[in-house]
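Number of protein chains: 2
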Amino acid sequence: MSYRAPLDEYRLLLNHVVGFDAVAGTDKFADATPETVDAILTEAAKMCEEVLAPLNRNGDLDPAVLENGKVRSSKGFAEGYKAVADGGWVAVSADPEYGGMGLPMTVTSIVNDMMVASCMALHLNPLMTQGQIEALEHHASDAIKDLYLPKLVTGEWAGTMNLTEPQAGSDVGALSSKAEPNGDGTYSVTGQKIFISWGDNDFTENVCHLVLARLPDGVPGTKGISLFLVPRNIPDETGAPGTANSLKVVSLEHKLGLHGSPTCVMAFEGAKGWLIGKENDGMRAMFTMMNNARLGVGVQGVGTAEGATQKAMEYALERKQGHTQEGTIIGHADVRRMLATMKADTFAARSIALSLAVAIDMSNATGDAEWKARAAFLTPIAKAFGTDTGIDVANIGLQVHGGMGFVEETGAAQYVRDVRVTSIYEGTNGIQAMDLVGRKLMDGGEAAYRLLDEIEAFAEGARTTFPELAELVWQSSENLRETTEALVARDMPDRFAVAVPFLRGFARVLGGYFHLCAAMAKPDRAEARIARFYITRLLPEHVGLLAHAREGAADLMAISPDDLAV
Amino acid sequence: MSYRAPLDEYRLLLNHVVGFDAVAGTDKFADATPETVDAILTEAAKMCEEVLAPLNRNGDLDPAVLENGKVRSSKGFAEGYKAVADGGWVAVSADPEYGGMGLPMTVTSIVNDMMVASCMALHLNPLMTQGQIEALEHHASDAIKDLYLPKLVTGEWAGTMNLTEPQAGSDVGALSSKAEPNGDGTYSVTGQKIFISWGDNDFTENVCHLVLARLPDGVPGTKGISLFLVPRNIPDETGAPGTANSLKVVSLEHKLGLHGSPTCVMAFEGAKGWLIGKENDGMRAMFTMMNNARLGVGVQGVGTAEGATQKAMEYALERKQGHTQEGTIIGHADVRRMLATMKADTFAARSIALSLAVAIDMSNATGDAEWKARAAFLTPIAKAFGTDTGIDVANIGLQVHGGMGFVEETGAAQYVRDVRVTSIYEGTNGIQAMDLVGRKLMDGGEAAYRLLDEIEAFAEGARTTFPELAELVWQSSENLRETTEALVARDMPDRFAVAVPFLRGFARVLGGYFHLCAAMAKPDRAEARIARFYITRLLPEHVGLLAHAREGAADLMAISPDDLAV
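Residue numbers (the numbering used here), protein chains in the order written: chain A, 1 to 566; chain B, 1 to 566.
Wrong hints could be hidden among the right ones.
Copies of one chain are not kept apart here, so a pair can be met inside one copy or by any two copies together.
[As the list claims (entries may be wrong)] 20 Å max Cα-Cα, derived SDA-like pairs, lysine to any residue:
1) LYS320 <-> SER560
2) LYS278 <-> THR190
3) LYS320 <-> PRO166
4) LYS145 <-> ASP202
5) LYS178 <-> GLY218
6) LYS82 <-> PRO63
Simulated from the structure, these hints should not be mistaken for lab results. For clarity, every value in this text was computed on a predicted model and none was experimentally measured.
Taking the hints into account, I'd like the entire structure generated from these sequences.
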């Protein structure tokens, strides 16, 4: 099984779909010229194809295990990680002051996309570190930054996020971990955390945990939570990882997928930690990390969709069954339909993720409020639609394989299992949708309407070249506008009840827009044919979704728990 | 984890939705009075709840293995199977002449539904036997029937289906297994078969294989295929399983799910077999078995959806997270939406499956051509929509569990893994859809239009009670009628390209109809509230599906394999 990075698609997206030229045009990202970006992506692609992709099955067949309290990682993962770290791929966007490349999040996202597609379980490790770097850059003291960031950026040390506790999942405010001041500026952190991805590993010198805990005077709920940096090994005077801290991995979860990524139960037993940000202000710092992570997780969906699509294509081009012009099952219309769906939806999800990355970059580079609002608005959509697409596309990929898809040796099922968690972690997709219809519509729909204006203006301009496609995209945008207006006029319970179909409807329309951009850029090429497939056959799903989204809460909540019981 | 058979829902379906009174009104099924059927279902429910459900996790954790060429089944499966056989649940519909209960397929389907929900992996064994019994009843000689049927009906012996070979999956006609006449009326069967569910077990005295193979003068393709009965042990003069036949289990597949069901590679090495039906007419006999099996597999989807829904409900009523009126996550609107979707779609898929069973029963009881056509028409829809619903509902169930859903100990992931094969085996869902738009529309749409007439007449009658719901169902039926007319007017390539969205659109509309029936029967009860949810929020999906279904083949096939490559 071989993975090939879709470099041409990235080039098309950057140049013609998500408007990366605006990013490259800022002072902050002036170094991100087309040539530089291309060279970087080509280099990362080579590493992913040659080093990471061959490790993907290892992670599944030889899962990470806990031996004498230490994680032993899957065969080859240490070498794979070294290639990631040595290439500088842990933290492409990190501040050059601390050794980063200072490149846009858009470039990070594409590099992540390739790393996920080639080996999602291993890549989850640097993805966690990326979030930690961003949180420290924004909220840590200079002393902490000087000590930790250079180690994290090079990948010598790894970072983790410790939020969840058994009684505190989606409701982070329910957590009970404690932090007591030691009197010397440090804190003693005590508590149990669960679902900690890569809570330990055997290939970095140190593992640095960002832990949410409550100070003695912290009020109940999210307003009494603070963030602490708790390293596995406490750095000594030279900055080298010194004595072991009072924390341990208690156990690893036995999961549906992602076997190569150890999901740890962590126990902090008076572990020494340093406050990050202000007291009782931990949620804000955590959100810096989580927003970044939400884009990253959306990209996990996209990358998996790419891997699954390539695998299904490989099989479809090889498997002979029935009589077709092509000689293989790719000649059957229904197989073609499945593959086209995979390709078209992967493109849609990827465009949304990268247009979020562009909005983040523009917001960071210019401080412009509109870009900031756009980034905020697109975050839940990129996370939820990216991961739902990863799940759906992986499932279609399995289907393309027929009976062989159900056999584990084939490898198609691994994509289905690995990606399944992405609609759950970093805020379930239900939470993303509630964020969209709640916080992200608090501006009265301004950020949404600005996007729709842009879509409709573009569709108007495309009418000459693609009259039918332009009209369909324009209509879908108008339908979405009316639905958005209806939601904005309603109270929160009414919005929450239809949040998920609304989010998906929004994503469908955005996908239509980005496909139309691609078609306009390449009107006689594959891109236009795939765009036509998406816009005429997949985009119409928005009609049903938006009908659902206009229904409100009353009829739903009238269904009592008893009504749902046997 | 406890399973409760949804007996009230079965009663509602029989009495008010799928028209079982017509079946009970025939001479053939005069014994199937409401009281008898209720007593039988209650008894089967007890066995499923008490005996089978506790075995479900065993099948996953302690998979069937091959030891010295013999299958060793999962812990407890032998005892579970004994309860199934002793209760007479292997073959509820088998001919009383051979020891069966002679009850309608509708009753068999409900009993299967309960057995699947409680332990799908074990139930797959009697499901295979059911198909074999039906094939033998229709096509075997009296001598074969007298010898085999009594043993199969009691469950003393088990049956299997041997179609697939490595190069012959969906294209059965490509098979290369051979049968040579021995000169004594028996045949020597040689070849390798793959994906043979329950190809062996350690709890029946004999295992009887129905094997497709080619006689020396058999032409290539499906027209040269004959069907043979090849027992593992050759019955002696007394009818007891005698000496071992020349066949063996070569290996078991390592699968995504259904670990309790051994999926065998079988080698037949000059094994002694008996011709079933006429020479070169094996496909017809096989289709008897496969049509039965297609309903059975659709019901596997329904049963799994039921099991997954009950599991998710249990979790949602227990898990505290955030502040809700109910105190648990069932108070969150999005969780309610997920559970309502599971409940409503399970009901829709179950209604379709049972209305197919009723059509089969009416066709068998009356010989009426319209009932026969309806059974033929509904078969691919019940199979594909039933299994797609099983897959979707199991996935939503996992999502309801949040992070715990990804942890195997929870059990939610097992439903996702187990049910995944159902959209592939017994004819992939793509093949079902092609059957629907091909063979099943060869009547010019007559069977389809008769269904739509029935839906619209019912919707008209429901307008006074449920004006909005009746109108939505009526509209959806009209949309479907227009789409069907468009398809009937087109050639096969145009139909095949859109077969899958057309089938799903058809199922969505049928689901709306059956929900409306339920609402009319219980206008102030849970059924009406769930029907409203389905009709206003899920049924609208048909709009997008039917738009896709009107697109034809040209734009799709214009996307070349190169267009889909990286």
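**Request:** Using 20 Å as the alpha carbon limit, work out where LYS278 and THR190 are close: within a copy, between copies, both or neither.
**Result:** This pair counts as within: shortest intra-copy Cα distance 19 Å, inter-copy 77 Å.
**Message:** For LYS178 and GLY218, with the copy left unspecified, which applies at a CA distance of at most 20 Å: within, between, both, or neither?
**Reply:** For LYS178 and GLY218, the Cα distance is within 20 Å only inside one copy (9 Å; across copies 78 Å).
**Item:** Intra/inter-copy verdict for LYS82 and PRO63 if alpha-carbon distance must be at most 20 Å
**Value:** The answer is within: 19 Å in one copy meets 20 Å, while 37 Å across copies does not.
**Message:** At most 20 Å between CA atoms: does that hold for LYS145 and ASP202 within a copy, between copies, both, or neither?
**Reply:** So LYS145 and ASP202 fail the 20 Å test inside a copy (24 Å) and across (65 Å) alike.
**Item:** Up to 20 Å CA-CA - PRO166 versus LYS320, copy category
**Value:** between (50 Å within a copy, 11 Å between copies)
**Request:** With 20 Å as the alpha-carbon cut-off, assign the pair LYS320 and SER560 to within, between, both or neither.
**Result:** between (51 Å within a copy, 17 Å between copies)
Violated hint for the displayed structure: number 4, the only one.
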